[in-house]
Amino acid sequence: MKITEVALVVKGTVFGKKSSRIGKILPPEEANKGDLTFLYDPGQNTNADIVITTARVKGKSGVVVQDPKRAMYRLLKHLTNTRIKPGISLRSLIGKGVVLPRQCRIEPFAIIGNNVKIGKGTCIGSHCYIDAGVVIGRGCRIHTHSTILSSTKIGDYVEIHANTVIGEQGFGFIRSKGYKRIKHIGGVIINDLVEIGANVTIDRGTIGDTVIGKGTKIDNLVQIAHNVKIGRDCILMGQVGIAGSTKIGDNVMLCGQVGVSDHLQIGDNVVVYAKSAVLKSVPSNKEYSGIPAREHRTVLRAIARLYKNAD
Amino acid sequence: MKITEVALVVKGTVFGKKSSRIGKILPPEEANKGDLTFLYDPGQNTNADIVITTARVKGKSGVVVQDPKRAMYRLLKHLTNTRIKPGISLRSLIGKGVVLPRQCRIEPFAIIGNNVKIGKGTCIGSHCYIDAGVVIGRGCRIHTHSTILSSTKIGDYVEIHANTVIGEQGFGFIRSKGYKRIKHIGGVIINDLVEIGANVTIDRGTIGDTVIGKGTKIDNLVQIAHNVKIGRDCILMGQVGIAGSTKIGDNVMLCGQVGVSDHLQIGDNVVVYAKSAVLKSVPSNKEYSGIPAREHRTVLRAIARLYKNAD
Amino acid sequence: MKITEVALVVKGTVFGKKSSRIGKILPPEEANKGDLTFLYDPGQNTNADIVITTARVKGKSGVVVQDPKRAMYRLLKHLTNTRIKPGISLRSLIGKGVVLPRQCRIEPFAIIGNNVKIGKGTCIGSHCYIDAGVVIGRGCRIHTHSTILSSTKIGDYVEIHANTVIGEQGFGFIRSKGYKRIKHIGGVIINDLVEIGANVTIDRGTIGDTVIGKGTKIDNLVQIAHNVKIGRDCILMGQVGIAGSTKIGDNVMLCGQVGVSDHLQIGDNVVVYAKSAVLKSVPSNKEYSGIPAREHRTVLRAIARLYKNAD
Chain A
1 MKITEVALVV KGTVFGKKSS RIGKILPPEE ANKGDLTFLY DPGQNTNADI VITTARVKGK
61 SGVVVQDPKR AMYRLLKHLT NTRIKPGISL RSLIGKGVVL PRQCRIEPFA IIGNNVKIGK
121 GTCIGSHCYI DAGVVIGRGC RIHTHSTILS STKIGDYVEI HANTVIGEQG FGFIRSKGYK
181 RIKHIGGVII NDLVEIGANV TIDRGTIGDT VIGKGTKIDN LVQIAHNVKI GRDCILMGQV
241 GIAGSTKIGD NVMLCGQVGV SDHLQIGDNV VVYAKSAVLK SVPSNKEYSG IPAREHRTVL
301 RAIARLYKNA D
Chain B
1 MKITEVALVV KGTVFGKKSS RIGKILPPEE ANKGDLTFLY DPGQNTNADI VITTARVKGK
61 SGVVVQDPKR AMYRLLKHLT NTRIKPGISL RSLIGKGVVL PRQCRIEPFA IIGNNVKIGK
121 GTCIGSHCYI DAGVVIGRGC RIHTHSTILS STKIGDYVEI HANTVIGEQG FGFIRSKGYK
181 RIKHIGGVII NDLVEIGANV TIDRGTIGDT VIGKGTKIDN LVQIAHNVKI GRDCILMGQV
241 GIAGSTKIGD NVMLCGQVGV SDHLQIGDNV VVYAKSAVLK SVPSNKEYSG IPAREHRTVL
301 RAIARLYKNA D
Chain C
1 MKITEVALVV KGTVFGKKSS RIGKILPPEE ANKGDLTFLY DPGQNTNADI VITTARVKGK
61 SGVVVQDPKR AMYRLLKHLT NTRIKPGISL RSLIGKGVVL PRQCRIEPFA IIGNNVKIGK
121 GTCIGSHCYI DAGVVIGRGC RIHTHSTILS STKIGDYVEI HANTVIGEQG FGFIRSKGYK
181 RIKHIGGVII NDLVEIGANV TIDRGTIGDT VIGKGTKIDN LVQIAHNVKI GRDCILMGQV
241 GIAGSTKIGD NVMLCGQVGV SDHLQIGDNV VVYAKSAVLK SVPSNKEYSG IPAREHRTVL
301 RAIARLYKNA D
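Protein chains in written order, with our numbering: chain A, 1 to 311; chain B, 1 to 311; chain C, 1 to 311.
Hints in this document: simulated from the structure, not taken from any laboratory.
There could be a bad hint or two in this list.
Copies of the same chain are indistinguishable here, so a pair counts whether it falls within one copy or spans any two.
Calculated lysine-lysine pairs in the BS3-like style (CA-CA distance at most 30 Å, straight line) [as the list claims (entries may be wrong)]: (1) Lys183 with Lys280; (2) Lys18 with Lys77; (3) Lys11 with Lys286; (4) Lys69 with Lys17; (5) Lys286 with Lys85; (6) Lys214 with Lys177.
Between the sequences and the hints, there should be enough to build the whole structure, so can you do that?
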């Protein structure tokens, strides 16, 4: 690939040697002569001599763009083949009454239960278990070893990474000579454009559904309990846990290892910083941290006071 | 289903229109006309016109019961078919010397190692790996993609959810030109009526066993290290982690994301609140929180002091 | 096995009845008459009458060694058969152009993608998914249900436990009418002698690689984000999470449930105690704890002050 082609893809302006061929694409500190890198700051140090950044860099070639992160998004998308090769593996097991358009891909050792409906262009990875009656929309990618249990409805263009479990019984019991599990009959609704990481668990509702709103992105090893409702365009980072029946607004960001207690209401546009525990409902448009979580600036002040003269 | 039938199942007294047919069963805030819901407080707002609650509600029909949660348990149990359809899938692999009663179910792509013993009415889900010599009791449900490694003994009526791993090598090393794993030869004992969530990990003992006591319930993404002993009727919520050789009494509740350090003794009837880290042994019958964990009321007092005048 | 044989294996000196046959090998508090146990302190109480410890114990037999933990390592290694039985299961699927020496073992329902290279003596467990182009060295053990995605390179003598996912897309997005995933084209490099627990997730780099240094040991349910670089001989205990692009030195110990924020530099020989959150870069040779993490002694002092007169 030449710089001129890269410039077309990232919608920027070439500078330096236009005909340079790019070698590897690497982070600034790992790149060498001939490699291409992205510099959020054009003054940043790198051995790469081809850079995509916000201004011309002396002695280097590259592409000037407004937003190098967006340029990276465009270039990597261009370089990635996301088309699936349709086909139903003879080593998969397909139940009765399954709706399966020709453009789908079902990989070996996958099991598709009775009456499952799968949309056009969807790929079910190897070793997946799709339970009877599950509905999966168009253009979805369900990666290897995932388990999608009954009463789950998945929208369009949803991506679910490996080893994730959706729709297991929630953790609700009554006490009666020991604990007895309340049988969960609710479902899980995963709306369009949701992405879910690897080794995630999302439980079905007791009655009523667990819901993940459109465009929400969930990282690896996250736990979402029964009847949780998550709004649109939220970000749940690695190892977050949300307890039963909690409602989370739109555009909420829960940073790594955050926990949210059960039956709470979290407003829109809330940010909760890493490792915090939200134990009370919180209104919209604010930032929280701490255990138990409070407004972030309050926590910063209390911590400053705690450590005053302590170092 | 009619209200009169529901009343029989939940053992309550009908009020209002006895012949009403119930629509969906939904939470109070999601239910509509014709639906049935459960109200812990009979004054709670809902559009459902069929309610199961502790007193008659004007303008609605329903069933009066002493304990609506228990009524929910009874009704959902009644509505759920928990019987398995026995049969050994031709796509499973069964080793030599396996004890496998006719009433069992082995799903496709499951592997049952040599000399495994499985009790009556047990179901091994698709893609499970049951290692040589494992013993599993009667009426168990081992869900899809679970891994049960050798030296594991599972009692009766145990349920293990998807993608859970039981019996891997524990995290014990000696230092000798880098770390070298100590080979673990102990086992895992899962007693009767234990339930274990999805994506859980329970390691085998180094020497001696890791033990989960009768009736204990474990939520998703929990880590239980080698040689941990957990008593009866404990509740371990999502993402709890327990380090090696710790002993936990009976009726202990560890809330979400709690961590317990290694080689500790936790008494009976202890409650540890969410996100706490227990770094010292604690006696019975008390509540703990904080990092490091202390008595809960002490922590509340210290936090109140820390935040005094800080908001 | 007799005490004299044990003494040869653990390289120690017999005392007491040399010809005693050992029963079970159990922890001190679980052992009974006839059993063997290890005592780190020769005065420790046990019913075992065969002990491996640092000095003769009156009334018992056993072996005197300098380091009982090392003796345990030696004895358990001696008792464990770690040889694999080579062979390619007819129920596995092997792609085109795969390099697969005769001494390997591929278990049933495993999938080996096109052009995968596997070294001598490596075992790929049942139901594993090894993506096209993956390289795995000699003497590796990839346990059941693991997923190794493309652009992953694994060195020699690496062990990866069950249900672990290596090489999924990292959690990086741009915002543009909702979030859009940046396609990750980097790889994962797992160096020699690394061990990785069960249900772990290690994401591929965005550009450039995620790297795990030689001899590093990773426990269960750990999350390692895209472009993280971890040095040699580190210990990452259960449920640790490391956010994107963070660099960790050699000989670092991250205790259970520790979180490390993104784009940080952690020096060599750092210890971070359980449940801490590292939010800033930290230099070598120090101990940290707390949320946010500070030097451990500072945190201890601040906590002492906070709880003064609070109990």
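(request) Using 30 Å as the alpha carbon limit, work out where Lys18 and Lys77 are close: within a copy, between copies, both or neither. (result) within (22 Å within a copy, 61 Å between copies)
(request) Could you place Lys214 and Lys177 in one of the four classes (within, between, both, neither) given a Cα distance threshold of 30 Å? (result) Result: close only across copies, 12 Å inter versus 42 Å intra.
(message) Regarding Lys183 and Lys280, is the shortest C-alpha distance of 30 Å or less found within a copy, between copies, in both, or in neither?
(response) within (27 Å within a copy, 37 Å between copies)
(request) Up to 30 Å between alpha-carbons, please classify Lys69 paired with Lys17: within, between, both or neither. (result) The answer is within: 23 Å in one copy meets 30 Å, while 63 Å across copies does not.
(request) Could you figure out if Lys286 and Lys85 sit no more than 30 Å apart (CA to CA) within one copy, between two copies, both or neither? (result) For Lys286 and Lys85, the Cα distance exceeds 30 Å both inside one copy (45 Å) and across copies (52 Å).
(message) If the cut is 30 Å between Cα atoms, do Lys11 and Lys286 qualify within a copy, between copies, both or neither?
(response) neither (36 Å within a copy, 47 Å between copies)
In the structure shown, a violation is registered for the earlier hints numbered 3 and 5, in ascending order.
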